[in-house]
Every structure is written in structure tokens, then in C-alpha cells.
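**Student:** Read off the chains here:
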Amino acid sequence: MKSRAKAKTKARRGLGRGVALVGAGMSKFGSFPEKAGRDLFFEAFQELRASVDKGLDPEAIEALYLGNYSSDLFEGQGHTAPIIADWLGLTPRSATRIEDACASSGVALRQGVIAIASGLYDVVLVGGVEKMTALPTERVTDVLATGGDALFEIPAGFTFPGFYAAMATAYIHRYGAPLEALMRVGIKNHEHGALNEKAQFNLTIRQIMENKLAKAKAQGRPLPSWADELEFLRDDSANPVIAWPLRLFDCSPISDGAAALLLVAEERAKEFTDEPVYIIGSGQASDGALHSRSELTSIRAAKLAAQEAYAMAGVGPQEIKLAEVHDCFTIAEIIATEDLGFFPPGEGWKAAMEGLTSLRGPKPINPSGGLKAKGHPVGASGAAQVVELWKQLRGQAGPRQVRGEPDLGLAHNVGGTGQTCVVHIFRRG
Amino acid sequence: MKSRAKAKTKARRGLGRGVALVGAGMSKFGSFPEKAGRDLFFEAFQELRASVDKGLDPEAIEALYLGNYSSDLFEGQGHTAPIIADWLGLTPRSATRIEDACASSGVALRQGVIAIASGLYDVVLVGGVEKMTALPTERVTDVLATGGDALFEIPAGFTFPGFYAAMATAYIHRYGAPLEALMRVGIKNHEHGALNEKAQFNLTIRQIMENKLAKAKAQGRPLPSWADELEFLRDDSANPVIAWPLRLFDCSPISDGAAALLLVAEERAKEFTDEPVYIIGSGQASDGALHSRSELTSIRAAKLAAQEAYAMAGVGPQEIKLAEVHDCFTIAEIIATEDLGFFPPGEGWKAAMEGLTSLRGPKPINPSGGLKAKGHPVGASGAAQVVELWKQLRGQAGPRQVRGEPDLGLAHNVGGTGQTCVVHIFRRG
Amino acid sequence: MATTDRGFTTAAFYKFLDEHKLMGSRCRSCGRLYLPPRPLCPECHSEEMEWAEMSGRGRLLAFTAVYVAPTAMLAAGYGRENPYCVGLVRLEEGPAISAQILGLDPKRPEEIEIGIPLRVAFLERGEGEARRIYLAFQPA
Amino acid sequence: MATTDRGFTTAAFYKFLDEHKLMGSRCRSCGRLYLPPRPLCPECHSEEMEWAEMSGRGRLLAFTAVYVAPTAMLAAGYGRENPYCVGLVRLEEGPAISAQILGLDPKRPEEIEIGIPLRVAFLERGEGEARRIYLAFQPA
Ligand SMILES: [Zn+2]
Ligand SMILES: [Zn+2]
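Chains as they are written, first to last, in the numbering used here: chain A, 1 to 429; chain B, 1001 to 1429; chain C, 2001 to 2140; chain D, 3001 to 3140.
Any given hint could turn out to be false.
[Said to hold, decoys possible] Simulated pairs of lysine-lysine, BS3-like, Cα-Cα distance not exceeding 30 Å:
| id | chain 1 | residue 1 | chain 2 | residue 2 |
| --- | --- | --- | --- | --- |
| 1 | D | Lys3015 | B | Lys1212 |
| 2 | A | Lys212 | A | Lys28 |
| 3 | A | Lys363 | A | Lys28 |
| 4 | A | Lys54 | A | Lys321 |
| 5 | B | Lys1215 | B | Lys1270 |
| 6 | B | Lys1028 | C | Lys2107 |
| 7 | A | Lys270 | A | Lys321 |
| 8 | B | Lys1363 | B | Lys1321 |
| 9 | B | Lys1028 | B | Lys1321 |
| 10 | A | Lys28 | D | Lys3015 |
| 11 | B | Lys1350 | D | Lys3015 |
| 12 | B | Lys1215 | B | Lys1363 |
| 13 | A | Lys54 | A | Lys270 |
| 14 | B | Lys1215 | B | Lys1028 |
| 15 | A | Lys321 | A | Lys350 |
| 16 | B | Lys1054 | B | Lys1212 |
| 17 | A | Lys350 | C | Lys2015 |
| 18 | C | Lys2107 | A | Lys212 |
Hints are computed from structural coordinates only; laboratory data are not their basis.
None of the values given here were measured: they were computed from a predicted structure.
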């Protein structure tokens, strides 16, 4: 189809000047009844300030690009960008909110990169925030569903887990993947999250299972008898179905959180740190509703965004040492590892089964714990992925540090079912 | 204060390359029960396509920046940018939603300009859309209030008209302006709107008054006895108080509508038209809640955004031939004409009284009818201002054409009470 | 209003659904068919479209059984104890659409087979003003 | 939790309000005072802040009488027949804040004078779980 081919060709164009990441921070992810969105973002900004090796005078910041999915529906707060800018003392700098569902802060990052490349700004604060836990679960279900088509998908009864569940049935049908492959993604990401003090679930699934056993014992309740995590995950009462075949532990949680990134023009990076991380590739693409797509077992916007980012960076998937991918659901991680070219189509589930994507495997995916274990405050997730890459590429990831001094990392951030996808590639300075 | 000074200095930096406007279109503004946001934007896009002198192959469009305030709350639709991109057949191009309250599409325009200046794209579609009339008035009041601070302003009982009403009391107190000055703004903008077939109120206030009289007569009801428009506007039943001193005819209406702009890299403009309009200045600034400001009779973000835009364009307020300003309320237009430097502080109300800002006056303001008469679908208003400037600068504004072949126009788009302001300056090619 | 006069809005699609008609749009320029109906052909960018009634016969492309339901479906009586199926259906004419799938057992989803033939159903949900016909499918 | 231990969150501000305390924050570095309380000083960018109780005395900066009310105020009994006043109040300590203004006649707004002295009031609105203390002012 000619439209697709043209879009690909044009995506190869580059940026006016280089952009460096010189600071990054995130709030703890979880449920924080006493914190509003602005309080969460302030926490992320505090960590960011501390992360700038040569110090950050906030006066240097010229603009804010803020990713946020729906403070409107979650907090009754529109016009969130200047609210946050004001809370950080950044007014009268320009403050712009970017919304592309769960890809909001990945796209905000791209706008920050573009703004610096344009020559307008040298120093830009990018971030994301979402405060989700103030609403009851069924209302959160409603709000997340608005990421789909309110006229043609939501009336059918689709929920956000429902969309990915449908993709899972198509994937399983086409490639014969067992449900265990999904479970393996969840187990791995919780193992990573257990090493991340910022994660909402700072526990392995085995630990969660053992805690349940200990609690039942303490309360004198009859003991469940799970032989291992897989048995635990197959238990309807321990791991209830949300949207079949996806169960609770296939789904990222409802989270509060924020993340912040400091971008500067390449030539000014050394004013801030001697160890910058360069943003060498950026890609973004869009797509229609799930039912309009020719394929359900991959996300076209992700493949196109990755193509654009790889072309701009001049690297290929085999050179990427680690990636943070958008595992809003376990099936999403498997599809992502195929869309990004890490594994051939239909082989992602096998890689998950074989442990190829674990922290000590050949292609570590989601060392942070991913959206699954770290948490998924939707508008913050894209920026939080980059906080992890910042730490990993600078060798500061502590117990979850990927070995071998990784030099190239990738972030893959998806909005909705893939109506938006944005991919960035980072190189250690 | 040092922070303010620094921000000003930095704003003088320019863009990497020039940007031209080569097409523009808008939907009719009004109340359209059968049209969703996507249907409205399609209508704007149709007019845009027809406006491109040498024709537009939609394949040429590389990205969409869409301003939208709250499709979340108005339509139950998040992730609006790819929804619209898909409806226009633009996927898989990148589609990004920008939200800065009522300044959403003015800021989207700025992002489009920046994206082209960065070298990433040559051809960008920018626009805005809002579908407001599906909700009852009290819910629209709620949604608009979320443009204020949900934690410190809304709990006080402020509504959106209430904010501007408070600014009006401060302005009247400080400068001794009579309420008639506000009424004169409304009368003038309706006179302009009567010449604009796209306007929600395609009628003068005198016509509205006479229609009411005719209706009362036809129904045999006792006739009101308004001597003129001013008496009509002072009548509590004909023009009820919304938030004192603002009455119904001081407020922009609740509207459905969309507007779309086609931006291209300067060097490619002639592929699309021999009469492009160049975007020669762009400025954006932010501010905190109204109560945090040192002045209530002007909007600091508007003054700073204007400074940045004037500096980039290398022109001053006296050279601007006409302006579309953000008259969400009559008082807002008076303050805008001062913030933009058209009249000294405290003199804007006199200019309104003396007719200096009418279509045939020395400084025509809102020839389109402004938000007041044209309508204010909030996310579309900033882009719709530019549709008017496109027509005026190309001499295509028909009965409301500003005389003397104007070469320089300005658009002033405010979010909320001025927590965001964005200003653009346009030059006939 | 005659069928063919209706604008290609989402509202028109639902008005047809009220009349138990599943209507797509066909591009007069390249002949491609769209469901949901589009006012502009994404392939050839023509705005010359015409309404086209669909047979309502299709096959199940993908599905789920929803146990954690949104408020609208909770209000319709669904939920953990009464899950429902929703899926993607490819019409025999080519386009695919999202719809509730009736007549399958959402408590035994492992027995549901992708590819089974389906036919359209017009499902009434909601009360009073909110009463509306929703698109659904059921085994053929 | 001791007063001075509370984090500078918006929630803490409202907890104080429940205790009939109007609390701002003071920058330990430059001495500036903020109401609403801020966790970071916008002037010197210090994050070292301390709580500071405000006198509650101030003057009316600007106001309105709201006749078309949002749903929360409609629920509290306000509306076209029962309008209410809301305004901006500059505290004698310097900062200004938004609040409902009691004790003025919203039906005769032309008689309200900017600059009149006000004192803080703690206004209870809402029922049950939603019961909350709101910031208000009234003529001193
Ligand atoms: Zn066609
Ligand atoms: Zn200070």
C-alpha cells in the first residue's frame, strides 16, 4: 500500500541537532491516598535534581512537556501542565500537556527532543504523571477503556484488559503458545521488580504466594496447596480472571506515580554531567481501532515507530543491550519483543519460556520490573522507562544492573491497543 | 525577580527554519447533536483541503498535532489524536494530542511549528476540536472549571465565568471602567459574527433583540420595551447574570466545532500555493492560579508570550494590522488588547467604547466575531483564530475583510485564566 | 430521510442500527468497503462514499470473556458472577468490527473457537432515554 | 503526627483546615511565605520549607457573585435563586488565596466593596463521607 511505504521513507529524516539526557528521577509507584498528581511529580523532580551530577539550577529549565492521560477523569483536574509547572516554581516557562493514552510521556519525551532540535530551547524538562487510585476500580476500568474508541469499541463491552485478552486469543490461536508463556512474563517481571525499591510490587510472585500462605496459617484458615508459582497463577481464587485468558497477574496494576527527565542540547550536556546519555533515535506512529487492523498478533504502530527509531539511530535490534517495553499485560511484552525485532514473529513466547529476556539472559527486557511489577501510572510510564535506562546505561542500577556495561538501550511505549506507539533509543555517552 | 528576567532573555532565541501556512479550514460552529468530535474535524479538514490552492494529496501529511481540551469529560473519549488521524485516513502518521485548556490548539500550532523547524517533518496538519453540547449546562460548567485549580480554586466555588468576573471587578475597581465597556465588546463582536457564516451567532445583538420582540408580538405576550441594545443587555431577564458583573452576553457560548491548519517548511510552500502566509513569531508562557498573581488586571503569561512572539518576528504591536484575541468573556478582550500592547494599561476599555477595535476602526480586533459570536469549542478556538487570519491576510474574508490589504496579523489564545498563553504572528507571503 | 442521504457520521450508523440494519460505507472511487462506515477513504482519500448494507454474516477473529466489567456493563447486569463475551468479527464482505458476542459460554472460554461462523444480532440495552440498540453477533 | 512533620502536600493543607487552621509554608532559605503551602520555593528553589499558621485576616482583592453554579454548589443548595460570593483574599501576611466569601449579599453585588477587611471562616459543606471543611472568609 503506497501510503505505508511513503510514511516509512519520510521517517528516515533526522533531527536538527543532538539531544542528551542529563538527569532523571521518579516517585515511588504505588497507592498514595495523601498525594495528588502535583505531589507525585514533585517527588520525581526531587530525585531528578539530585541525579544531575553537576547540579541543576531550575532557572535553567526553559520548558515543560508533561505526559498525562486523564487527570480530567482521575482527579477532576484539566490544564495539568501549568499546574505542575507552578508547583515546581517553573512559571512563566511554557508548559504543555501531551496526551496519547499510556504513551503520553513517551510522546512528551519526543516533543522535548523535537523542541531542542528545533533550536528554540536548550534545556527542557519532560515527564509524566498519573494519579489513578482515588477512583474505585470500576471507574478506573471505565477511564482506561476511553483509550479505545468510545463510539465503536466501548459500546461492544470492551475493557482495556479485554482488548489485550482478545489479542492474546489471536496470538495463542495462531502460534499455539501455552498460557504458561504469559505467566513466565509475569514471574520474570516480578523477579526484576523485587530488586527495584521504587516498584509498586517489590516482591516476587513466589514471595506473594508465600505471604498468602503465611497469612492463612496465622489466621488458622485452611491452607491452599500451591506446588509452585505456576499452580498459584492457575488458581481462580488466588489469581482471578480479569478478561479471559488474562488474570490478575497478567495485568499491570492501578498506580499513582510520576517520572521526570532533563533533556539538553548535545553541545551543552557537559555543563550538567560528564556521563550523559544520548537520545539517538526516536519514532512514533499511529493506528486505528483494533478491529480495523489486518493483523492482531503484532502492533503495526510499534513496528513502524521502531523502524523510524532504528533508522535514525543507525542501529538494529541485535545491537540493543536491554529494553524497557510496554508490558501493560503479559501478552503485550511477548508481542513487543517481536515487533521490536528481538525475536521473529511467533517466537516471542518461546523466548519468554526459555528465560532469554530475564535480567541475566541474553536480551534483558524490563529490568525495572516493567509496568507489571513497577506499576503503571499510565501517563508516567513512558518517562519511567527512561529513568531505568538512564540508570542502567550509567551503571547505577544496583542489584538489577544488567551486566557487561550496556551501551545501547531502547524504550517502547504503547498507547491504548497500539493506536499510538513511540520508541526511543539511547546510547551511553 | 530574576527568574522572570531570565525567561525573557531566553525567549529571544529563534527557530531552525521557517514555517508557512498553506491551507486552513473550519467546521461550522454551533450545536450539532448528530456530530461527534471526529465528524466535526472531518468537516474542518474538508474545507482545509479545498483551501490549498495547488491541491493537497493527504499522503503528503507527515504528522498531526491536535488541540483538544477534554474529549475525556465531554465525549468519554480519551486518546483522541489517533482517533481523528484514523478518521481522516492519516494513520500510521504520528498523532499527538496537546492539551492546555482553551489554548490547546494555539499550543498545538506551536508544536507543529517547532516540529517543522526541527527538521523532522516538512508537512504537518495542526488543528483543534471540541464537542461540548452533549452535556447539560451544569456539567459543562464543571468541566470548564477543571481548567482552574481543582484543589485550591474549584473548592472555593469558582466557575470559569466566575474567574473572569473577579478579574472584571478588579479591573473596574482599578480603572473606573463602566459596565457599558464590556457590553460594547459584545455588541461589536456580534456585529462581526453577523458577517461570518461559520459563526454560531450569525446575528447582531440588535437582531437578536428584534427577533425576541417579534416573537413576543407573534405570541401575544406583553412586549419588553428596550430602547436599544444597551437597555436590552441591562435587562436581567433578557441578559441574565452568570457571574456578576458578567451576564449571558458577556460570555462565549457552549459550542461544537473544529478547525484545521496545514503547515509546511518554508522552502516547500510554493508546492502548495503561490500565496502562503508565514508564521514569523511564536510565544508561549505559563502562570499559576489567579490568586497567586501580583496583578489581576492583566495576564502575565499573555504579556510574556507576546514579547517572545514580537521579538521572534521582529515587529511591534503598532505594526499589527488586525488580531484575533481570546475573548472568552468581554473583559478578556479588553485586557488582551492591553497585554498585547495595542493600548496602554487601563486604556483598553476606552478603546472598546470608542470603536477603535471594530472592523472599520484603526485596530480591528476579532473580525471573525471572536469567541463571543463565532463560538468557543475550547480546543478548536486557537486554530480557528488562525483560519480567520489566513482568510484576512489573503484578502478572502468577504464582507468582513479588513481594509487596506493587511500584511501582519496576530493570534492570542489563552488557556484558563491565563495559566497558559500562546501568541503567534503571521505575515502575508 | 432516505437511507442514502444520511451523512457518514457515527450517529447515522447508530440510527441504522436502531432500524436493525448493519451499514458500512463504500468508496465510489476505489470500491473499498468500510465498517464502521467512514466519510473518507483512507486508501484513495476520496470523500465520495455511499452506504452499503452488510450481510451480517462473519467469523470470530478474536475474543475475550470479561469478568471485571465497566460501569455500563455492570448496570446491564454483567460482572464477575455473570461475565460476557466480546470479540472482533470479520464480515464476509471483508471489514471487521467489535461487538458483544451472544450465545457463547463466557464461563467456559477455553471451549470457544476462533473462526466460528457468526451472524449479526441487534441487542437492546439500557432503560428509557438511554435505551439503545447495540451491535452484537451470535453463532450462525 | 506533629504539625511540623506533615509533608507539604495539598492533603496536609486540608487536614489542617479540618482542625480550623489556615496553614501556609515558609521558605527556610529566603523567608518567603506561601499560601496555598508549597513544597518548593519558586523564588529561590529551596525545598526546605516549614509550616506557618496564618492570622486569617485579610482584604478582598476581587470577587464575583455566582448565579450559574457547578454541580457541587448546586448540591449545596446554591444556584440562580440562591447565588453565592467567591473571591480572592490577600492575607495581611502577603499571600492571596481563593475562597467563598460569606456575609455579603450576592443579590446586591454592586454594593460589595473591594478592599474590605475579612477574617477566615471554616465552612462545612457536604454530607457523610463527603463532609469536609472548606476555606471561607467573612467581613471582619
Ligand atoms: Zn477509495
Ligand atoms: Zn525561598
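**Student:** Tell me, in ascending order, the numbers of any earlier hints that this structure violates.
**Tutor:** Per hint list: 1, 5, 6, 11, 12, 16, 17 violated.
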